[in-house]
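Under the working numbering, think of the first position of the sequence shown as 42, with each following residue one higher.
Misleading hints may appear alongside valid ones.
[To be verified] Label-pair restraints from in silico Cβ distances:
#1 Glu-61 / Ser-107: 17 to 27 Å
#2 Thr-96 / Glu-61: 14 to 24 Å
#3 Glu-46 / Leu-155: 35 to 45 Å
[Unchecked claim] Computed list of lysine to aspartate or glutamate pairs in EDC-like fashion (alpha-carbon distance at most 20 Å, straight line):
#4 Lys-157 / Asp-97
#5 Lys-157 / Glu-113
#6 Lys-78 / Glu-106
#7 Lys-89 / Asp-64
#8 Lys-156 / Asp-124
#9 Lys-156 / Asp-139
#10 Lys-60 / Glu-49
#11 Lys-89 / Asp-124
#12 Lys-60 / Glu-72
#13 Lys-134 / Glu-117
#14 Lys-60 / Glu-90
#15 Lys-157 / Glu-106
#16 Lys-157 / Glu-72
Keep in mind the hints are simulated off the structure, nothing from the lab.
Since the structure is predicted, the reported quantities are computational estimates derived from the model, not experimental observations.
Ideal placement from N, C-alpha and C gives every residue a C-beta, glycine not left out.
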Amino acid sequence: MALLESGEMYLETIYILLKERSDVRAIDIGEYMGFSKPSVSRALGLLKESGYVSTDNSGYISLTESGRQIAEKIYERHTLLTDMFVSLGVDEKTASADACRIEHVISDATFSALKKHFGQKK
C-alpha cells in the first residue's frame, strides 16, 4: 500500500521528535503538528496497520524499520531542499514550507541529482 503525504508527514514528525527526546506519545505529535487528538489517533492507527509504527503498553510510539527508513528519507529531503533554497537567498520560513511540499512529490532520481549537484557545490 502506497503511503500518502499525510502518512509521510506523521512519520517525519515522529522521527524529529525521537531525535529530540526518548519518548514520544500521540499528544506530542498532535502538539507538534497542530492536529486534534482524534486526527492523530486515526493516523497512528493506519500507520500501525501498515507496519510503520508500533506502540508499547504505556502509549509510547516508535518507528518500525520500514517506518524509520521512510521518515529518514523524507527528513533528508526536507533538510537538503531547505538548505538549498536558503543558499539561493530564500528566507528560512519560506524555504522550509516549500521543501515540505516538494519532499513528497520529487522523484528519487531528481532528488539524487540535486543531492549530487548540491554536494559538489559545498
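Q. Under the criterion that the straight-line Cα-Cα distance not exceed 20 Å, is the pair Lys-89, Asp-64 satisfied?
A. holds, 17 Å
Q: Take the C-beta atom of Glu-61 and the C-beta atom of Ser-107, compute their distance, and say whether it sits inside 17 to 27 Å.
A: holds, 22 Å
Q. Keeping to a limit of 20 Å between CA atoms, is the pair of Lys-156 and Asp-139 held or broken?
A. holds, 17 Å
Q) Does the alpha-carbon distance linking Lys-134 and Glu-117 stay inside the 20 Å limit? A) Since the Cα atoms of Lys-134 and Glu-117 sit roughly 17 Å apart, the hinted pair holds (cutoff 20 Å).
Q.
Given the hinted pair Lys-157 and Glu-106, is their Cα-Cα distance within 20 Å?
A. The hint is violated at about 26 Å.
Q: Could you grab the alpha-carbon distance between Lys-60 and Glu-72 and see if it respects the 20 Å cut-off?
A: Distance of about 16 Å is within 20 Å: holds.
Q | 20 Å Cα cutoff - pair Lys-157, Glu-72 | A | violated, 35 Å
Q. If you draw a straight line from the CA of Lys-60 to the CA of Glu-90, is it 20 Å or shorter?
A. Not satisfied, since the Cα-Cα distance of roughly 24 Å exceeds 20 Å.
Q.
Taking the Cβ atom of Glu-46 and the Cβ atom of Leu-155, is their distance within the range 35 to 45 Å?
A. violated, 19 Å
Q) Are the Cα positions of Lys-156 and Asp-124 separated by 20 Å at most? A) Given that 20 Å is the threshold and the Cα spacing comes to 11 Å, the pair holds.
Q) Does the structure keep Lys-60 and Glu-49 at a Cα separation of 20 Å or less? A) holds, 17 Å
Q) Given the proposed pairing of Lys-89 with Asp-124, does the C-alpha separation stay at or below 20 Å? A) Not OK: Lys-89 and Asp-124 at ~32 Å, beyond 20 Å, violated.
Hints 3, 4, 6, 11, 14, 15, 16 from the list above are not met by this structure, while the remaining hints are.
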